[in-house]
Amino acid sequence: MRTISTEKILEVRDLTISFNTYAGKLQAVRGVSFDLHKGETLAIVGESGSGKSVTNKALMGILPRTARIEKGQAFYKGRDLLSMTEKEWEKVRGSEIAMIFQDPLSSLNPVTRVGKQIAEIFILKHKLPRKEAKRRAIELMDAVGIPDPEKRYNQYPFQFSGGMRQRIVIAIALASDPEILICDEPTTALDVTIQAQILKIIDRLQKEKQLSVIFITHDLGVVAHMADRVAVMYAGKIVEYGTAEDIFYNPQHPYTWGLLSSMPDMETEEGEELYVIQGSPPNMLYPPKGDAFAERNPYALNIDFKEEPPMFKVSDTHYAATWLLHPKAPKIERPAALQRRIEKSLKRAKGV
Amino acid sequence: MGKYVAQRLIAAAFAFIIIVALIFFVLFSMPGNIVSDPTIKETVRKAIEEKYHLNEPLPVQFAYFIRNYMNLDFGTSLFVRPGVAVFDVFKERIGVTIQLNLFSALFTLPVGMFFGITMALKKDSIYDIIASSLVVFFISVPGFVMAAALQYFLAYKLGWFPIVLAPEVKLNWTKFHSMILPIFALSFGSIASIARLLRAELAEALTSEYMLLAKAKGLTFRQRVVRHALRNACVPLASTFLYLFIGVLSSSLVIENIFGVPGLSKVLVSSINAKDHQLTLGITYFYVLIGLLMSIAADLSYGIVDPRIRMGGRKDE
Amino acid sequence: MKRNRLNLLVITILIMTLFLTACGKGTRDEGEPAVSDEGLEETGADVSDEPAVLRMTASETVSTYNPHNAASAQEYEQLNWVNGLLYQRIYDPEQQRSDFVPDMAEGEPIQMDEEGKVWQIKVQKGLQFADGTPIDAHSFEYSFKMLFDPKLANRNYGVMYILENADQYYTGQCEWEEVGIKVIDDYTLEITYEDVYIPNNAREVKETFAFVGCGLVHKETYEACFNEDRTENDYGSSLEKFVASGAYKPVKLIPGQYMEYEKWEGGSPLAKTTFNVDTIQVTVVTDQETALQMYENGEIDIVVANREEYDEYPDLYYSYTPDLYGIFINAKSETNPVLRDKNFRYAIFWGLDRETIVGATYRTNLPCAYHYGFTTTVPDPEDPDNKVINYRESEYAASIKLDGHPLENNCYNPDLALEYFQKAYENNGNQKIEVEMQYIEDNVTSKAWAEAIQEHFKNLFGEDRFQINLRAIPAALVYENLQRDNLNYEILAAGGIYPNIEYPWANSNWVSSGPDTYSTQYTVISEEAAQEWDDLYYKCTIGEYKHKPDERNWAAARMEEILYEEATFLPAYMRGNRYMIADHIEILMEDNVGDPFVEFALLQAIYHPRQQ
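Respectively, the protein sequence lines represent chains V, L and P.
So for the first sequence, our numbering puts the first residue at 5; every next one is plus one.
So for the second sequence, our numbering puts the first residue at 3; every next one is plus one.
So for the third sequence, our numbering puts the first residue at 15; every next one is plus one.
These are computed hints drawn from the structure, not numbers from a lab.
Don't take every hint at face value.
What the hints assert, rightly or not - Below, in silico cross-link-like pairs of lysine to aspartate or glutamate (EDC-like), each with a Cα-Cα straight-line distance of 20 Å or less:
| hint | chain 1 | residue 1 | chain 2 | residue 2 |
| --- | --- | --- | --- | --- |
| 1 | L | K43 | P | D337 |
| 2 | L | K43 | P | D209 |
| 3 | L | K43 | P | E369 |
| 4 | P | K255 | P | E234 |
| 5 | P | K266 | L | D90 |
| 6 | P | K139 | P | E279 |
As the list claims (entries may be wrong) - Sample of chain V residues lacking proximity to chain L, with all beta carbon distances greater than 12 Å (derived):
| hint | residue |
| --- | --- |
| 7 | Q106 |
| 8 | A147 |
| 9 | A177 |
| 10 | K310 |
| 11 | L350 |
Glycine included, every Cβ here is placed at the ideal spot set by N, Cα and C.
Given the sequences, and given the hints that come with them, work out the whole structure.
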């Protein structure tokens with residue numbers, strides 16, 4: 005367990021983003037708030053369409069033209085990122101906040117040599133001479149674990165395997181020594197063994213360079229490895245927020261229960277049905293009244309359909325937005341299978 | 003890469019030989035020959051037919067023909083330019099055609115690219131809408147209509163340009179001034195095609211993931227567009243441009259007629275009508291050769307511009 | 015981006031101007047010619063001092079200046095400007111027709127023997143080529159020797175077979191010494207004709223040597239232009255490979271585009287005596303529209319103006335070519351027996367309203383029902399060497415009758431036509447008569463012509479009794495289908511015949527037997543008629559009528575009569591064009607109709623100062 009510094013490097017408050025589509029206004033992010041501390045890894049977890057990517061794109065200023073930031077601030081080093089001009093953003097992107105994407109094949113320019121794609125950052129942004137830029141680029145390639153970097157410098161992206169490509173992307177992201185690294189589902193397109201490698205690299209680099217990482221994913225397994233803190237998003241809102249232990253060993257929101265239950269693991273007994281959260285996320289053109297998860301929530305209360313739940317405090321580090329935490333709410337137990345699993349994990353963590 | 007080029011050249015050589023034979027047989031199978039004009043006296047007809055083996059069976063004529071070509075004797079014109087070697091007729095007429103097409107190419111590429119790029123960058127704006135309509139207009143309206151319109155309005159009515167090509171031998175300003183209208187007429191269609199292509203390609207490139215990454219890297223808009231989007235958008239450009247060039251080279255007959263340009267197309271048509279076969283063959287083979295070379299160049303250009311094709315997508319681990 | 019902005023600006027302005035001018039009316043849009051035309055022509059004294067320049071157009075630059083193989087009839091005119099000839103056809107304002115005059119020859123040809131087989135022609139002294147080389151009888155002999163050369167197989171040798179042993183030499187069977195062209199002394203040539211082709215008079219001799227192929231070539235240059243085995247010669251293919259001897263010399267030649275000629279003296283004497291133009295500028299223009307624009311702009315002096323919009327212009331000129339166009343009927347048809355019936359053919363002949371139908375389809379062509387057109391002349395029996403009479407207006411033509419009916423009113427007689435049609439209809443068992451008529455596909459006027467005929471006869475004979483079915487054929491097949499040994503049509507409403515308008519009996523188009531048949535002949539008449547026709551033909555050309563002008567004229571009329579009787583070709587029109595000529599040029603013709611051979615003789619016209 006790393007020590008997480010208490011210094012907050014990024015504070016997001018009440019971020020609300022909508023899209024102008026032909027069908028109408030799509031509310032993608034509805035009042036999201038979270039903090040990122042220096043040196044920590046924050047995982048943002050959720051289904052497709054939960055708004056996790058959009059949130060983070062806003063933090064880089066790379067939202068598409070159809071997006072509108074209706075409300076909210078993102079404070080970084082005393083500045084509200086969301087009110088910056090494009091010119092100011094150009095200084096921030098890459099140098100202060102960097103991002104790596106999901107599919108390395110399409111994020112790299114297919115007809116430009118890989119080395120050049122890294123070196124151009126040094127040439128254009130840091131105004132280094134070509135030779136120096138090349139040297140730095142090769143250094144970087146080495147740092148992310150690419151073998152034989154001098155030879156590889158002149159190759160094209162299609163000549164690399166998926167894992168290697170992602171390393172290039174990471175190298176590009178870290179070229180300017182940013183403070184924050186946002187990883188948007190970086191391992192989803194890779195196979196499991198490569199996944200582990202990439203995660204290791206990110207981990208190592210984070211330690212070496214004192215990075216603060218936001219890790220977006222839908223895969224809780226990955227979260228378990230990497231995250232210091234976790235935010236669970238559903239339908240544009242954060243529904244549960246806490247440290248990794250809080251979320252894994254003491255989940256409070258029914259959606260989190262659902263997510264945890266639907267993870268297959270070694271403990272799943274033969275013949276046992278895999279848990280599935282019924283239904284699909286709501287249409288965000290017409291967000292439902294009340295709790296967006298209510299329709300799919302087997303533990304929904306009447307009030308869930310009428311009014312949105314506020315964030316209830318579970319502990320200093322742990323918050324969840326569910327009416328079940330209201331003092332007047334009935335006591336609901338976690339699903340049995342999940343409880344079993346949690347206990348087993350706890351035993352393992354403490355014991356063997 | 004060298005191997006690829008060699009392969010293509012050999013394939014082209016085969017194609018060329020087959021085309022040569024095919025055209026020969028088709029042309030000579032047409033009824034009538036150079037002396038089928040009924041007003042020619044019998045003695046003269048017989049003498050000419052004998053001299054040029056016009057009454058021998060086709061394979062025999064073909065043998066004579068091949069033998070001559072092997073000796074680099076491309077034949078003599080009998081009607082269009084009697085007594086003159088085909089090669090010389092060629093030399094006479096090719097100059098203006100090449101000049102016109104070269105200028106047209108030099109004009110087309112930058113202008114086409116300019117419009118394509120600006121249209122993509124300002125996609126869906128008023129400028130884009132107007133420019134797109136103009137593109138459709140210029141692609142649809144045939145070149146000769148354009149030529150006739152240009153001539154009527156700019157040369158005849160306004161008098162800004164001469165009505166026909168100036169009768170100067172050297173390329174001086176007068177000559178060039180009179181070439182401007184035919185160059186425009188030849189170019190407009192190609193400019194429109196290139197603009198349309200580039201607009202589509204660039205618009206697509208601008209919305210791609212690597213552009214997003216480049217933005218995330220912190221590059222400015224101009225840096226992103228020039229270093230990444232344009233490079234990718236221009237991949238099909240070279241090949242398209244070369245095909246357009248071939249098209250213009252071979253189809254400029256009507257435009258040449260309208261402006262009184264003494265080009266190769268007109269000679270070809272006269273020669274076919276007059277059944278001056280030697281000349282027809284010579285000119286046709288020239289066009290075929292250019293066409294083959296251009297298509298090889300177009301294919302190769304893909305290799306030059308797009309490394310994935312050049313290296314065959316080989317992966318090293 | 016700055017350069018791009020500039021480009022954008024320029025192009026925008028260009029496009030804007032294009033559209034703006036399209037909206038406004040041009041200044042030259044009204045129906046007036048560009049130049050005022052008051053009272054210019056009457057003042058003969060107002061002839062210009064400044065050099066006279068004639069600017070015209072051509073469809074292509076001259077293929078070569080070599081008179082021996084220049085292939086296209088359109089360029090013969092220009093060849094005669096630059097190559098000296100012994101005699102030339104020019105326009106005679108007194109006779110108001112073209113005639114042959116001495117060019118480099120001195121005086122008329124002299125008949126040396128009683129028959130007229132041997133003639134002498136004197137060459138003028140003191141003439142030279144454009145580079146100073148002197149011209150004498152040897153120069154001409156050399157030119158003829160090269161024209162006849164067996165290895166070169168020159169195209170324009172064509173008409174010279176009438177000279178003794180010419181064919182033999184041309185086909186390599188004898189030596190030059192045996193050919194009927196000899197040099198008697200430095201300035202005298204002696205010509206011997208083949209027995210069968212003995213000319214009737216000096217005029218015919220002049221005609222032989224006025225042919226374009228008899229033009230002079232410059233020996234030194236010509237020799238240098240041979241290829242290795244002397245089978246090809248590219249003399250005249252460029253200005254460097256050519257030396258002029260005619261009244262004009264080419265001074266500028268841009269292949270495919272432009273030619274310029276300048277008059278010079280020292281060569282052909284006609285430069286001083288006959289031709290008034292100092293410079294001729296010929297621009298190659300094939301597009302009608304372009305030519306008209308240039309004329310309106312004052313850039314050229316003569317242009318074809320056949321289109322409807324020029325109908326009301328003042329001062330239009332017409333010129334008719336000798337060729338004759340009409341309808342071919344296959345009288346030997348296997349597929350449709352109606353065509354074999356003369357009554358049917360006569361019905362079509364008398365029923366064709368040429369004036370109306372030709373007028374509707376071709377505004378500048380001349381309706382003509384006669385096998386020998388309106389411009390045909392024959393030698394006047396009173397003075398056959400010097401005078402001619404209009405054949406159509408003569409007693410000979412008036413004597414022609416078809417089935418007893420005289421040829422009046424351009425042969426349009428609907429009642430007579432109906433009579434014949436009735437007979438044909440009965441012969442067809444009172445069944446509806448259907449025939450197929452071919453016309454040229456992709457040709458708007460050909461289609462209009464065919465449809466007009468179809469419509470006309472539908473109305474005349476009645477739909478229930480008669481129907482013409484149209485069929486389009488490619489232009490290249492027209493003459494193929496007409497070939498005598500391969501008749502492949504029922505009725506063909508395209509194509510024509512080129513008769514001889516100075517010696518109508520010498521109409522070798524219709525000959526079926528004997529030495530004057532071509533290998534491909536189009537025009538067919540029945541065997542019995544052909545026998546009589548050929549008999550008359552050879553009597554006139556080489557037989558007993560040869561020196562008897564009156565008998566010949568009667569024979570010609572009888573031959574024409576046979577053609578009407580056979581009715582396998584029904585003449586419909588003579589082809590003509592309508593021209594506009596610049597106002598400052600006064601032509602020698604009294605009416606505004608050009609000569610069939612020299613058109614408007616623009617080189618001889620009077621040039622007033624150009625009004626600008």
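Taking the hints in turn, this is what the structure says about them:
1. K43/L / D337/P: holds, 19 Å
2. K43/L / D209/P: holds, 19 Å
3. K43/L / E369/P: violated, 36 Å
4. K255/P / E234/P: holds, 10 Å
5. K266/P / D90/L: holds, 18 Å
6. K139/P / E279/P: holds, 14 Å
7. Q106: It is violated; Q106/V is separated from chain L by about 9 Å at its closest Cβ, not greater than 12 Å.
8. A147: holds, 17 Å
9. A177: violated, 8 Å
10. K310: About 40 Å separates K310/V from the closest Cβ of chain L, which puts it past 12 Å; holds.
11. L350: holds, 40 Å
Hint check: violations occur at hints 3, 7, 9; the rest are consistent with the structure.
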